[in-house]
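Q: Assemble the whole structure, with the sequences as input and the hints as a guide.
Read off the chains here:
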Amino acid sequence: MSGRILLILSRCSACSWLDKGSFKELVSQLGLDERIGKTIEIDEICGAEGKKKVRSASKGRCDRAIIASWCPQESLGKIPLPKGIDPSLVEFVDLSLRSPKGLKEHASPELLARTIRVTAARLTLSEPVKDRRIRYSSKAVAVIGSSDAAIRAARALAQHGIRTRLIISQKVPKLKDGNIEVIDEAIVKNLTGMPGNFRVSCRQRGEDLEADCAAILLVGERCLADVRPPTNPRVRFVPLERFEDFTSSGARLKGIAFLDDLGSIASVSDVSVPAWHLLLESARSAATAGLAESVTVIARDVKAAGLLELSWKEAAEAGVKFVKYDDKTRPRIDKDDPIILVKDLVLGETIGIPADVIVAPITTRPWEPAFVERLFVPGDWDLRARSRGPQRGIGQSPCDGVFVVGYAGYAKLTDQSYPELGATVSEIVAFMKRGYHIARGAIAKIDEDKCSACNTCVRTCPYRAARMNENWKAEIIAEKCAGCGNCVAVCPSRAIELKNCTRDQIGSQILAAQEAIF
Amino acid sequence: MTGKLNIIVFVCENHALSAIRAASASGESLPESFHLVKLPCTGRLETTQIMDALRAGADGIAVIGCLEENCYHDVGSMLARGRVERVKEILKDIQIEPDRVEMFNVASVSSSMLLLKMRKFEQKIGSLPATPFKGAMK
Chain Y
1 MSGRILLILS
11 RCSACSWLDK
21 GSFKELVSQL
31 GLDERIGKTI
41 EIDEICGAEG
51 KKKVRSASKG
61 RCDRAIIASW
71 CPQESLGKIP
81 LPKGIDPSLV
91 EFVDLSLRSP
101 KGLKEHASPE
111 LLARTIRVTA
121 ARLTLSEPVK
131 DRRIRYSSKA
141 VAVIGSSDAA
151 IRAARALAQH
161 GIRTRLIISQ
171 KVPKLKDGNI
181 EVIDEAIVKN
191 LTGMPGNFRV
201 SCRQRGEDLE
211 ADCAAILLVG
221 ERCLADVRPP
231 TNPRVRFVPL
241 ERFEDFTSSG
251 ARLKGIAFLD
261 DLGSIASVSD
271 VSVPAWHLLL
281 ESARSAATAG
291 LAESVTVIAR
301 DVKAAGLLEL
311 SWKEAAEAGV
321 KFVKYDDKTR
331 PRIDKDDPII
341 LVKDLVLGET
351 IGIPADVIVA
361 PITTRPWEPA
371 FVERLFVPGD
381 WDLRARSRGP
391 QRGIGQSPCD
401 GVFVVGYAGY
411 AKLTDQSYPE
421 LGATVSEIVA
431 FMKRGYHIAR
441 GAIAKIDEDK
451 CSACNTCVRT
461 CPYRAARMNE
471 NWKAEIIAEK
481 CAGCGNCVAV
491 CPSRAIELKN
501 CTRDQIGSQI
511 LAAQEAIF
Chain B
1001 MTGKLNIIVF
1011 VCENHALSAI
1021 RAASASGESL
1031 PESFHLVKLP
1041 CTGRLETTQI
1051 MDALRAGADG
1061 IAVIGCLEEN
1071 CYHDVGSMLA
1081 RGRVERVKEI
1091 LKDIQIEPDR
1101 VEMFNVASVS
1111 SSMLLLKMRK
1121 FEQKIGSLPA
1131 TPFKGAMK
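Chains Y and B, in that order, give the protein sequences.
Per our numbering, the first sequence starts with residue 1, numbered consecutively.
Per our numbering, the second sequence starts with residue 1001, numbered consecutively.
Mixed in with the good hints there might be a few duds.
[Stated by the list, open to error] Listed next, the stretches of chain B that the computed footprint assigns to chain Y, with coverage defined by at least 3 CB atoms under 8 Å from CB atoms of chain Y: (1) 1028-1035; (2) 1043-1052; (3) 1057-1071.
Derived from the structure by calculation, the hints contain no laboratory data.
The structure presented is a predicted model; accordingly, all values stated were derived computationally and were not measured.
Glycine included, each C-beta is placed from N, C-alpha and C at the ideal position.
A: Here is the structure:
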């Protein structure tokens, strides 16, 4: 689809520096572009009179518009458009980016014309899109968690007059606040729905319950798991979360071993889960600082940790060694020497790794895998819901309406969790006051014929908007896609196109920026 | 080389574009040889598109994205960095200066730093010999 463009050009003398001659040149240059159907020149587009002129202008045979001015879009206010022009097919070109006021040498009219033409090249191929507003079906917030932190969160929300459903695994005495509905001794079984319209299914004392809610707050539980010290007294144990304090002590060591799971040597399964970012970063800094003669990471599979290949590479370049083991042959500590014995899967034999110090994360159990998968939030490799996803504030997750606090997000200490809770409550209040969720129109689209079900987009999407459908083809959840286009570029079979930022559009922009001046 | 330079800048709409806006608000702008191509996120940029731009005759390519740890879309600039490195390898193989392609990460407030880097980049491109693709796509 391609259409002709109505160019609305502001020649407001207060902002523009162009004299009459150069302005004429600019207009004549743009007139040579076949994409631009008609040009309207307006004085003072930010004023009421200028806006009136724009509205009453005839659009000719154009169906889309570019508004080019020397003011940023925000200061122009809402500009009424001539009849028949779709508001989603209007682009603003801020010419002051190329040629701001106060600059000694101003940009030539050719350059300004080229800037407008690059935008025109994209806009001619654009399709009209419409953002949808989805109203919340319920006015309640579900707080899922355990311990006093969850109760505290529910109380704080209720104080703001928000109806709160507290789904908690312990027994809770009756709370006085009328806004709180307590579902205690309950285990969450399932979660369905979309931002603003969630449904939580849980099981309370043998009975199945369902609760509708607009937002979900996950509150992390206990802070420290039962840490079992290593059996060899010559080996020291340092929690990963406290490793930074340890590095400042400056002791020169023989070896530091980073473990992915303290449970692997404490013979308790599932005690700890690695915070991979922290682990790889700590290992790298330990190797760079030369804290020990050898720095080793002993893990089941480091490279499986999603998008961390680059951190892994950086750590390896800094001199960190990686040893891989599997569930059957877990590492153990030697009785006499400060050595960890581990069966290297690559070498196929048991090797001894010098370790005066073992560093391992002390986190609690992760959420149930089935639960996180339905949470619409990217879980990290360790199946922990991710807090603080793209562009979001404290406590927010990549999914609008799902909030994550404390340990539910990632390994952190209690003194960090409580301030976070306060900030998150205010985020939830803002979310509930808004009353609707915006589903964007400009999103990625998948061509099912081309999709080879490689799962790459599902792994990459920072918003977890891509998933596999029943036919084993990828699909994009329209309510969640933010239109960033990361899936488009990673797709090996080129099955995905981002609406209004297609390959053709980028290609034509490149050519428009290159073209010799007419 | 002589004549006007032509540098294509792939810029993300988020922090990088804000940095350029902030620069223009303070009365400075990108050098004239830079031509902006806006993207929703630098993660949208493919290796082929960088190569296309070079083949179309650009003297240099700059990719400006958010800071890696603070990327608006979380993973975009990290993925873009990998792709820019890949393009550099390809360029080395076909004996074109890999310096022609560069990735810059900026915070939305560090506009003067960005301008400084851009001017340096322009100087570097200017010191290179003319690109073999110049005028090939007419």
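Q: The structure should be examined with respect to each hint, and the outcome stated for every one.
A: Hints, verified against the model:
1. 1028-1035: holds (count 5)
2. 1043-1052: Answer holds; 6 residues pass the 8 Å Cβ test.
3. 1057-1071: holds (count 3)
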